Amino acid sequence: MQNVDLQEIGLRDLNAMLHEQSSDTNQTAWEIDNPKGAHAIACGLDAPIEVTVKGSTGYYCAGMNKQATVNIKGSAGPGVAENMMSGKVVIEGDASQYAGATGHGGLLVIKGNASSRCGISMKGINIVVHGNIGHMSAFMAQSGNLVVCGDAGDALGDSCYEARLFVRGEVKSLGADCEKKEMRPEHIEILTELLAEAGCDANPEEFTRYGSARNLYNFDVDNAAAY
Amino acid sequence: MKTHDAKGIPHTTPRQSATFTNDINSDIRRAAATGIYDIRGGGAKRKVPSFDDLLFMGASISRYPLEGYREKCDTSVTIGTRFAKNPIELDIPITIAGMSFGALSGPAKEALGRGADAAGTSTTTGDGGMTPEERGHSSKLVYQYLPSRYGMNPDDLRKADAIEVVVGQGAKPGGGGMLLGQKISDRVAEMRNLPKGIDQRSACRHPDWTGPDDLEIKILELREITGWKVPIYIKVAGARPYYDTTLAVKAGADAIVLDGMQGGTAATQDVFIEHVGQPTLAIIRPAVKALQDLGMHRKVQLILSGGIRSGADVAKAMALGADAVAIGTAALIALGDNDPKWEAEYNALGSTTGAYDDWHEGQDPAGITTQDPELMKRFDPIEGGRRLRNYLKVMTLEAQTIARACGKNHLHNLEPEDLVALTMEAAAMAKVPLAGTDWYPGKPGSGY
Ligand SMILES: Cc1cc2nc3c(=O)[nH]c(=O)nc-3n(C[C@H](O)[C@H](O)[C@H](O)COP(=O)(O)O)c2cc1C
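If you're matching them up, the sequences are chains A and B in order. Sequential numbering of the first sequence, starting at 115, is according to the numbering used here. Sequential numbering of the second sequence, starting at 4, is according to the numbering used here.
Some hints here could point you the wrong way.
[As the list claims (entries may be wrong)] For lysine-lysine, the following DSS-like pairs were computed, each having C-alpha atoms within a straight-line distance of at most 27 Å:
hint: 1; chain 1: A; residue 1: LYS286; chain 2: B; residue 2: LYS232
hint: 2; chain 1: B; residue 1: LYS199; chain 2: A; residue 2: LYS295
hint: 3; chain 1: B; residue 1: LYS253; chain 2: A; residue 2: LYS180
hint: 4; chain 1: A; residue 1: LYS180; chain 2: A; residue 2: LYS168
hint: 5; chain 1: B; residue 1: LYS253; chain 2: A; residue 2: LYS150
[Stated by the list, open to error] Not the full set, but computed from the structure, chain A residues with beta-carbon under 7 Å of chain B:
hint: 6; residue: ASP147
hint: 7; residue: GLY151
hint: 8; residue: ALA154
hint: 9; residue: ALA161
hint: 10; residue: TYR174
hint: 11; residue: GLN181
hint: 12; residue: GLY193
hint: 13; residue: CYS314
Since the hints were derived computationally from the structure, they do not count as laboratory data. Only a predicted model underlies this, so the values are computations on that prediction, with no experimental measurement involved. Glycine included, each C-beta is placed from N, C-alpha and C at the ideal position.
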């Protein structure tokens with residue numbers, strides 16, 4: 115176990131050390147003390163290592179993550195795991211705005227609530243939120259799965275493309291071109307797997323699926339008001 | 004046409020309206036027929052005050068020139084000296100602007116790389132991500148970080164020689180993009196994680212930051228991911244250049260790309276292109292002033308774009324304080340866009356040489372702004388690269404010719420004092436005297 119105190123070594127040295135790890139590193143477990151809400155902690159990782167941040171983080175923690183597992187023992191600031199490619203990011207507390215924005219792959223688990231614009235422009239990432247999510251979540255979401263065990267705020271899935279949105283609780287309102295969809299066996303299967311991976315015992319049968327009505331896919335003057 | 008009525012009373016001459024011109028009327032008819040605004044490529048076509056309204060004075064008794072073919076006039080520029088470990092060294096101050104793969108074909112991107120490389124300058128990716136064609140042929144490649152993040156991934160980010168955070172584009176300050184379904188081929192769709200054949204909208208705001216304070220943190224993240232090695236540019240449209248430049252510097256930019264309203268686009272609403280943003284000539288002095296006020300002129304490099312066509316434009320931009328320029332449309336024309344040899348085909352598309360701007364439709368006869376494999380075959384990237392290199396060299400020679408005539412041994416030594424303006428508007432915008440006077444609007448004159 116590599117143990118580093120962020121306040122002692124500073125952000126640049128910490129990230130440089132993490133970036134030095136290659137796919138066959140034997141320094142696979144890292145613990146970061148005293149994050150104190152610093153920004154850009156453990157961003158740009160690209161090795162199969164496990165990093166545990168012992169506290170809350172600022173903006174863009176685990177941004178653009180590849181391969182690595184990042185555990186945040188507190189809450190995360192805006193843009194956590196933005197543009198994640200692969201790997202896993204788990205937040206014990208809450209996440210601020212744009213969690214998992216534009217993510218291409220991997221799994222983001224938020225054990226608390228997520229704020230607005232969770233999963234904005236997501237491009238293949240899977241996001242599981244144990245609590246609620248804020249407004250404009252999954253805006254222009256392209257692909258991947260967003261699973262919400264609690265409620266969703268206003269304008270869920272506005273202008274979304276092919277992403278699948280699963281919500282167990284209430285949805286305050288749906289955004290433009292987002293509609294309720296049928297839950298087919300393959301969806302239950304996806305959901306069961308994601309919930310298990312995210313350590314969540316919610317019953318997949320209780321979720322409703324939402325997705326694109328695909329009315330805005332090609333411009334039509336009769337839909338102009340929705341643009 | 005009859006000139007008198009039956010009673011012999013003369014008709015008044017039929018009079019065309021200056022307000023409802025035939026052009027405007029055709030816009031109205033098009034709108035009425037389709038129900039959608041006109042989308043097109045290219046930049047503002049209206050006439051605006053421009054570099055054409057400025058002249059160099061050249062040498063005289065008080066300033067002596069450099070010998071044309073003997074005395075050196077340097078053209079090199081280094082971009083990203085503020086924070087980056089590896090600034091970009093360019094042989095010439097003319098860079099290739101970001102143009103998306105999707106808008107342009109793979110071979111066109113390759114040609115840009117080949118031409119720029121041979122001329123010693125950089126190219127820039129665009130919406131849609133980095134293609135092997137461009138990375139493979141451009142040894143100095145700037146990677147755009149755009150609101151849509153189409154094709155954005157950390158591997159390409161780490162391969163880039165510089166990163167350009169795109170906040171705005173001169174053709175559409177405050178606007179996103181639109182790539183119509185026809186151009187979403189399998190490859191474009193895959194790179195953008197979208198279904199094939201649908202209209203692809205690009206967001207106008209970044210998904211994970213808003214405002215200058217966030218931008219500073221975003222830049223920190225990009226620097227951390229790339230180990231503080233490569234320069235970070237911020238591209239802004241010519242909207243509020245003084246404040247945008249100030250905020251970009253404060254957010255930590257190494258360089259600022261400032262794009263005026265004549266700047267080209269792959270596909271934007273015509274109303275946006277023609278009515279939003281300020282002319283290139285009008286935005287440069289406020290941006291330079293902002294840099295000077297911060298003590299950052301020449302420390303944070305300013306790259307100006309929007310309607311740059313010739314060595315004279317380059318020299319004028321630099322005399323007003325730019326460190327370099329970027330070209331989009333001109334590079335495409337050098338590659339063969341809007342070439343008269345395709346006139347019959349332009350006519351068949353309802354256009355004509357020089358006016359063809361339906362770059363978003365993917366039917367480009369020149370095979371440049373298309374994803375159609377048959378049309379793409381018409382374009383030879385090696386020949387295209389050679390033409391671009393020639394054109395870049397000519398522009399550089401032209402700028403050097405002017406600089407030597409002004410007695411300057413480096414293009415950067417050109418200064419506003421070398422210029423006069425032909426019109427009051429240009430004098431006011433460029434803050435150089437109206438020709439024949441020592442005065443420009445806003446400056447009290449001595450009145451000789
Ligand atoms: C075909 C085409 C595609 C473009 N794509 C992008 C883009 O993806 N991102 C961007 O920031 N600007 C884009 N631009 C704008 C250019 O980067 C640049 O700002 C502009 O072309 C400069 O003006 P000029 O065309 O008059 O030289 C594009 C321009 C053209 C002509």
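Hint by hint, here is what the structure shows:
no.: 1; hint: LYS286(A) - LYS232(B); result: violated, 45 Å
no.: 2; hint: LYS199(B) - LYS295(A); result: holds, 22 Å
no.: 3; hint: LYS253(B) - LYS180(A); result: violated, 30 Å
no.: 4; hint: LYS180(A) - LYS168(A); result: holds, 21 Å
no.: 5; hint: LYS253(B) - LYS150(A); result: holds, 24 Å
no.: 6; hint: ASP147; result: violated, 19 Å
no.: 7; hint: GLY151; result: violated, 12 Å
no.: 8; hint: ALA154; result: holds, 4 Å
no.: 9; hint: ALA161; result: violated, 12 Å
no.: 10; hint: TYR174; result: holds, 4 Å
no.: 11; hint: GLN181; result: violated, 11 Å
no.: 12; hint: GLY193; result: holds, 4 Å
no.: 13; hint: CYS314; result: violated, 25 Å
Checked against the numbered hints above, the structure violates hints 1, 3, 6, 7, 9, 11, 13; every other hint is satisfied.
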